[in-house]
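Protein chains: 2
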Amino acid sequence: MSEKLKQFIDKNIPIIDSEMNRIVQSLQMPKSLKDAMLYSINAGGKRIRPLLVLSVLEDLNATSKDALKVASAIELVHTYSLIHDDLPCMDDDDFRRGKPTNHKVFGEATAVLAGDAMLTLSFQLMASLDNTSPEKAVRLAKLLADAAGATGMVGGQILDMEGETTRLNLEQLENVHMHKTGALLSFSIEAGAILADADEDVFGYLKEYAKHIGLAFQIKDDILDVTSTTEALGKTANSDASSHKSTYPALLGLEGAEQQLLKYHDLSIKNLSFLKKEQPLLELFANYIMGRLA
Amino acid sequence: MSEKLKQFIDKNIPIIDSEMNRIVQSLQMPKSLKDAMLYSINAGGKRIRPLLVLSVLEDLNATSKDALKVASAIELVHTYSLIHDDLPCMDDDDFRRGKPTNHKVFGEATAVLAGDAMLTLSFQLMASLDNTSPEKAVRLAKLLADAAGATGMVGGQILDMEGETTRLNLEQLENVHMHKTGALLSFSIEAGAILADADEDVFGYLKEYAKHIGLAFQIKDDILDVTSTTEALGKTANSDASSHKSTYPALLGLEGAEQQLLKYHDLSIKNLSFLKKEQPLLELFANYIMGRLA
Chain A
1 MSEKLKQFID KNIPIIDSEM NRIVQSLQMP KSLKDAMLYS INAGGKRIRP
51 LLVLSVLEDL NATSKDALKV ASAIELVHTY SLIHDDLPCM DDDDFRRGKP
101 TNHKVFGEAT AVLAGDAMLT LSFQLMASLD NTSPEKAVRL AKLLADAAGA
151 TGMVGGQILD MEGETTRLNL EQLENVHMHK TGALLSFSIE AGAILADADE
201 DVFGYLKEYA KHIGLAFQIK DDILDVTSTT EALGKTANSD ASSHKSTYPA
251 LLGLEGAEQQ LLKYHDLSIK NLSFLKKEQP LLELFANYIM GRLA
Chain B
1 MSEKLKQFID KNIPIIDSEM NRIVQSLQMP KSLKDAMLYS INAGGKRIRP
51 LLVLSVLEDL NATSKDALKV ASAIELVHTY SLIHDDLPCM DDDDFRRGKP
101 TNHKVFGEAT AVLAGDAMLT LSFQLMASLD NTSPEKAVRL AKLLADAAGA
151 TGMVGGQILD MEGETTRLNL EQLENVHMHK TGALLSFSIE AGAILADADE
201 DVFGYLKEYA KHIGLAFQIK DDILDVTSTT EALGKTANSD ASSHKSTYPA
251 LLGLEGAEQQ LLKYHDLSIK NLSFLKKEQP LLELFANYIM GRLA
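Chains as they are written, first to last, in full-length UniProt numbering: chain A, 1 to 294; chain B, 1 to 294.
For the record, the hints were derived by calculation from the structure and aren't laboratory data. Where hints are given, some of them may not hold.
Below, simulated DSS-like cross-link-like pairs (lysine-lysine); rule was C-alpha separation at most 30 Å, straight line [stated by the list, open to error]:
(1) K104/B <-> K207/A
(2) K31/B <-> K69/A
(3) K207/A <-> K99/B
(4) K276/A <-> K11/A
(5) K6/B <-> K142/A
(6) K31/A <-> K34/B
(7) K104/B <-> K136/A
(8) K142/A <-> K99/B
(9) K4/A <-> K104/A
(10) K245/A <-> K6/B
(11) K104/A <-> K104/B
(12) K142/A <-> K31/B
(13) K136/A <-> K65/B
(14) K6/B <-> K99/B
(15) K34/A <-> K65/B
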């Protein structure tokens with residue numbers, strides 16, 4: 001990771017963490033619910049979405065006093081989706097990032113409700129932006145809902161579940177990812193652009209950038225799944241094949257997946273030329289996604 | 001039920017039903033998700049919350065082209081809460097209103113996601129009110145989130161779960177209900193008042209009305225639980241006592257609960273005198289809640 005990006009991340013993660021804790025602490029609610037929400041908020045998320053919001057503002061030389069609130073709202077949506085995803089009736093995961101999942105610690109009922117509360121809180125935040133015009137707040141809330149709900153992330157989770165039992169072609173696989181993970185990543189970029197009062201041209205470039213790093217991110221995930229496990233155990237390829245889980249390496253081969261990753265990386269970077277900047281943070285982010293080891 | 005209220009309900013339920021169906025049908029999403037959402041939307045809800053929104057407008061001699069959208073948003077929040085409530089990890093109910101619950105038909109994973117999608121959709125609607133100022137839309141979204149989330153309904157569900165294993169006093173019991181069911185009922189009244197551009201005095205009276213019919217509604221529920229089951233089987237009183245589930249009749253006796261119901265009914269009606277109207281719909285609603293048989 002470049003030194004500039006590293007400094008940016010190291011500076012902002014504690015700020016994001018403390019803002020999210022402040023928000024939840026400020027609300028009056030039953031202690032067990034607050035504990036469950038704070039547990040997942042503080043479970044070691046990489047804060048990629050909030051960092052993207054802040055990066056857009058920095059790259060556009062803009063600031064917004066509501067940026068952290070909006071960034072936190074997006075991370076709450078991401079965090080709720082992980083809590084619900086981990087439930088026994090969904091992916092049934094006992095651990096996430098090395099820690100017991102929310103329902104393992106607080107029970108399933110509380111985990112469902114903590115997720116519901118986080119999703120609701122994200123809109124509570126969008127409707128309490130003190131330094132943003134109501135017009136912009138409504139636009140942000142609408143785009144967040146589009147990205148998070150049936151038309152976006154939740155729809156993508158359904159597609160992903162259905163894709164587990166059928167082999168998808170490339171177009172279908174990209175459709176799953178553009179909904180399941182792409183929509184909220186894209187919204188992070190769009191939210192930064194809206195807070196920065198970006199004009200429609202800039203908004204368009206950034207949307208294209210966002211779309212392609214979203215896909216690059218997912219391809220890299222799929223590649224890491226194969227290569228790191230193959231090195232370690234040589235097991236994943238078989239389990240992937242037997243479960244018929246569609247992945248980029250399964251569809252394109254490992255080399256084909258690498259090429260596709262390169263292509264999307266280039267397409268994302270290309271859309272940043274309007275910035276006329278050396279080393280914009282968004283480019284460093286794209287490079288980081290390309291090269292990341294886990 | 002009075003003839004006036006009956007006519008109002010019979011006229012508006014089909015309108016509310018068709019608006020909710022129209023909204024979900026208009027969204028692009030996976031078929032299985034749409035089916036699951038439409039199943040619970042069309043599972044025979046009494047539409048009390050949407051009807052309250054419309055009643056406030058009618059009693060205030062006001063109209064709003066966005067009333068149906070806001071009313072639908074509230075009903076979506078109510079419907080999602082029932083889907084999640086019925087899950088095996090929560091109340092584990094196989095039937096609701098005589099029909100199999102959402103997860104019995106579509107599976108638990110889809111039921112969780114259908115609920116998530118409905119909650120998100122409610123805010124999608126609040127952020128797409130075409131005939132309402134952004135200031136009002138933001139106020140509505142904020143109040144809906146306050147009423148639905150950790151500070152409202154979800155918080156109340158946690159309190160209710162915790163109350164199942166301890167005996168609550170009257171104050172604690174009212175606190176549970178004011179959060180679990182009262183917050184969203186109150187918001188229905190407040191939303192109508194906001195859409196009608198009610199001044200702060202009127203808003204205050206209606207909030208008081210809402211608070212007391214919310215509590216009356218719950219007391220009547222508790223009373224019906226005892227009386228209808230006692231008549232039928234003579235079982236409930238025992239199961240209530242053994243589960244230590246706190247109810248108004250358990251705390252106050254059946255007669256005491258009836259008196260409390262009467263008191264809250266009167267308090268709610270008293271707050272409608274500012275309307276200077278014969279038979280306001282909201283008064284007929286309060287009477288209906290008092291007298292309902294199921």
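Status of the hints after comparison with the structure:
1. K104/B <-> K207/A: Status violated; Cα separation ~40 Å.
2. K31/B <-> K69/A: It is violated: about 34 Å lies between the C-alpha atoms, which goes past 30 Å.
3. K207/A <-> K99/B: 44 Å, violated
4. K276/A <-> K11/A: 24 Å, holds
5. K6/B <-> K142/A: 36 Å, violated
6. K31/A <-> K34/B: 35 Å, violated
7. K104/B <-> K136/A: Violated, at roughly 41 Å.
8. K142/A <-> K99/B: 33 Å, violated
9. K4/A <-> K104/A: 38 Å, violated
10. K245/A <-> K6/B: With a Cα-Cα distance of about 54 Å, the restraint between K245/A and K6/B is violated, given a limit of 30 Å.
11. K104/A <-> K104/B: 24 Å, holds
12. K142/A <-> K31/B: With a Cα-Cα distance of about 22 Å, the restraint between K142/A and K31/B holds, given a limit of 30 Å.
13. K136/A <-> K65/B: 22 Å, holds
14. K6/B <-> K99/B: 25 Å, holds
15. K34/A <-> K65/B: Status violated; Cα separation ~38 Å.
Checked against the numbered hints given earlier, the structure breaks hints 1, 2, 3, 5, 6, 7, 8, 9, 10, 15 and satisfies all the rest.
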